[in-house]
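Visitor: Take a look at the letters that make up each chain.
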Amino acid sequence: MLDASTFKQVLIPHHRRLYLLALRILGDRDEAQDAVQDLYMRLWEKRDTIEINDSLSGFLSMSMRNHCVSQLRSRKQSVDLDQALQTSGEDLSAAIESRDRMSYLVKFIETLPPTQREALMMRDLQGCEMSEIEDVLKISSSNARTILSRARTALRKHFENCKL
Amino acid sequence: MNNDISHIKQLLEAYYRGETSPRQEREISAFFADTPDVPAELEPDRELFLSLDEAAFPDDIEQSLISMIDREAARPRLSPLRRWVKMVAAVAVVGFGIGTVVTALHYETPRISAPHESNQYYSHLTGSDLSPEQVEKQTLAAVQLLARTLQMGESESTR
Amino acid sequence: MKKISLIIVLTLISAFSAGAVGLAKMCSAVDGVTAITITKQMMGFLSKMQSSQFDFASLAGKLNQVEIVNVTDPSQVAGIETCVKKYLKNNSGYEELLSMTDDEERINLYLNSDPSGLNEYLIIINESDELTVVLLQGSITPDEVSNYTNIPLISF
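Chains as they are written, first to last, in the numbering used here: chain A, 1 to 164; chain B, 1001 to 1159; chain C, 2001 to 2156.
Simulated from the structure, these hints should not be mistaken for laboratory data.
As the structure is a prediction and not an experimental result, all values here were calculated from the model.
Incorrect hints may have been included.
[Said to hold, decoys possible] Below are the DSS-like pairs computed for lysine-lysine, each with C-alpha atoms no more than 30 Å apart in a straight line: (1) A:Lys107 x A:Lys138; (2) C:Lys2048 x C:Lys2062; (3) A:Lys107 x B:Lys1009; (4) B:Lys1009 x A:Lys157; (5) C:Lys2085 x C:Lys2062; (6) A:Lys157 x A:Lys107.
The shape of chain A in the complex, shown without the other chains:
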């Protein structure tokens, strides 16, 4: 039986990554937030069937992706589904062609190593304090600065390459 506190402990840490994924596919912040809420609600309803193992994060990503795709379908917009569903392994030239600055950012963040990704999202997208980042990621404060530095530097390089 998964109680509320364990559920939160295990699943809430994924929300940033899942929000970003929804944002990439749906392109809208409000919709992405709704998607995250809907997904967590459903996860809560099915909490007894969720197995906590190595494939949990893959399972969550897949669930979110499917949820967003069906959102898009019911929206009936002429969104290029192929573009929306592009994996993070796309090449730079395709990224450069995309004029959407935000999606350029989001796609890149998804390619960062997990710790850098979380640190960057927490600090630069969510405005968390360094102490919270250190707590959640279980790293020291000097480590946190280094990791953030790496992520930000990589991000800048990405934007440098964007220039034509």
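Position chains B and C against the provided structure of chain A, taking the given hints into account.
Guide: This is chains B and C only, laid out in the frame that chain A set:
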């Protein structure tokens, strides 16, 4: 203007070292938002900060998730069996076809074992499409559902 | 067309021991209805093949038949439930053990105990837009069943 630029450049250096405070970061962000024309070398930084603004998370996203869970957990549950019903229903549908979309539960079920030697043998023996894993899961789900239903009946009658 | 075939199958169900075979078969031909039958033979082969962590063999020994019907098409719910209720009427010996109703669902549990010790459990869960019917037949007693309230089950 030049003073501003060199000040921003200093802040940026600290930013990329991971050493800026939230206030300083806001300062950089405000500068780029208010200044459409920046020197060429600062253009990538401007794009970077603008994109971060555009992608910024909603303020309360984490807290509203936590509140939602707490609210749901506190709700009096009239029927503890509901989750189990969903589970049996999920198992029941999962038994048919690989990658069947479970529309009631809104996400794709994982692939159940692809046909292989022992399944074909099993199917041949039993004349059924179900794999051994599916049979096991269905049977156990059904028994557990029965056990829980009986349990509910007992707790009802002892009230 | 559907109604006729249901009635035909229903008339074939008479004796208690043959009844269980009818439940899933009578519902399975339609869209929006999933029906599964698990026979003693299937469970028997399973016990020999698998070495799962769970002691399936001892449970399987006490079961003859398991049938699960899941109706996800709301328009079929009432019809299938009526069909199942008819099945109950046609087979004497069913005792209602449980009836629970709340806003979201209605649950009924029936037990038919044959003098020879054969038990047939029937659970009907009606959630208005969805119906689940589970039938278990076997020598397993309610006491023995209650040992199984927690089985490590599905993993995704």
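Visitor: Each hint: holds or not?
Guide: A quick look at each hint next to the structure:
no., hint, in the structure
1, A:Lys107 x A:Lys138, "25 Å, holds"
2, C:Lys2048 x C:Lys2062, "15 Å, holds"
3, A:Lys107 x B:Lys1009, "26 Å, holds"
4, B:Lys1009 x A:Lys157, "16 Å, holds"
5, C:Lys2085 x C:Lys2062, "26 Å, holds"
6, A:Lys157 x A:Lys107, "14 Å, holds"
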